[in-house]
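Peer 1: First to last, the sequence lines map onto chains A and B.
Read in order, the letters of the first sequence are residues 5 to 114 in this note's numbering.
Read in order, the letters of the second sequence are residues 2 to 117 in this note's numbering.
One or more hints might be untrue.
[As the list claims (entries may be wrong)] Cut-off 20 Å, straight-line C-alpha distance, at most; resulting in silico cross-link-like pairs (EDC-like, lysine to aspartate or glutamate): (1) B/Lys42 with A/Glu59; (2) A/Lys101 with B/Glu88; (3) A/Lys106 with A/Glu18; (4) B/Lys65 with B/Asp28; (5) A/Lys106 with B/Glu105; (6) B/Lys42 with A/Glu13; (7) B/Lys65 with B/Glu23; (8) A/Lys61 with B/Glu105; (9) B/Lys15 with B/Glu105; (10) A/Lys101 with B/Glu60; (11) A/Lys72 with A/Glu59.
FYI, nobody ran anything at the bench for these hints, they're computed from the structure.
Bear in mind the structure is a predicted one, so any value in this text is a computation, not a measurement.
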Amino acid sequence: GQNIDQPTEMTATEGAIVQINCTYQTSGFNGLFWYQQHAGEAPTFLSYNVLDGLEEKGRFSSFLSRSKGYSYLLLKELQMKDSASYLCAVRGNRDDKIIFGKGTRLHILP
Amino acid sequence: GAVVSQHPSWVICKSGTSVKIECRSLDFQATTMFWYRQFPKQSLMLMATSNEGSKATYEQGVEKDKFLINHASLTLSTLTVTSAHPEDSSFYICSAAPGTGIDEQYFGPGTRLTVT
């Protein structure tokens, strides 16, 4: 079967740094995605990792370790608008189907 | 950038009626489109994968006769919820992939369905 685990909720302070972890067990692996979703809206793409290592994009970075089935999303210089759900998603084989984790609701405190 | 639209953005219907939701890729051709359902405070659940010109592939537990999917062209896929019930009330989101080997899918804005 396929399983993607991430914390349900996290709280952080404006201006700080937060790391959201994701572990996965899937039949095959063909890429890991992070999406941001504000309440009532569709997800927006943040990052894509298919090789081990860190991908940096502005205030957001994503890390992948395929051998450990582990990824994290790092958010720096947190802003109030970063309050949202962050979805970890994995494409387990080459049929382009992406399976989503349950998401982590991030609350930013002033 | 790639844009995906959905119509309608929200709909209210009576129990027992059918509702059609359209998903369009506006500036690219989508060989594959995906339909997701999301209940409040839960993640996206993949319902089916829609390929242009062929039958959709449904995920386990999704009734293909209840959720009819038609991918008639490379820019349009439709989801019809037949004989809707209140438990079908949900947020329905489509996504589109430009082709095989792509790095990401592009999501539509979603359709909020309320069945009374």
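Peer 1: Does each hint fit the structure? Answer for all of them.
Peer 2: Structure-based check of each hint:
Between the alpha carbons of B/Lys42 and A/Glu59 the distance comes to roughly 28 Å, so the proposed pair goes past 20 Å and is violated. The suggested pairing of A/Lys101 with B/Glu88 is violated, with an alpha-carbon distance near 25 Å, which exceeds 20 Å. For the given pair, A/Lys106 sits about 24 Å from A/Glu18 by alpha-carbon distance, which is inconsistent with the 20 Å threshold. A hinted pair counts as satisfied when its Cα atoms are at most 20 Å apart, and B/Lys65 with B/Asp28 does not qualify at roughly 29 Å.
Among the hinted pairs, A/Lys106 with B/Glu105 is consistent with the structure: their alpha-carbon atoms are about 19 Å apart, no more than 20 Å. Straight-line distance between C-alpha atoms of B/Lys42 and A/Glu13 comes to about 11 Å, which keeps the hinted pair within the 20 Å bound. Between B/Lys65 and B/Glu23, the direct Cα distance comes to roughly 17 Å. Compliance with the 20 Å bound is thereby established for this hinted pair. As the CA atoms of A/Lys61 and B/Glu105 are separated by approximately 16 Å, the hinted pair is consistent with the 20 Å bound.
Between B/Lys15 and B/Glu105 the CA atoms are separated by roughly 36 Å; this puts the pair beyond 20 Å, and the hint is violated. The hinted pair formed by A/Lys101 and B/Glu60 meets the criterion: a straight-line CA distance of about 11 Å does not exceed 20 Å. Taking the CA atoms of A/Lys72 and A/Glu59, the gap is about 17 Å. The hint holds against a cut of 20 Å.
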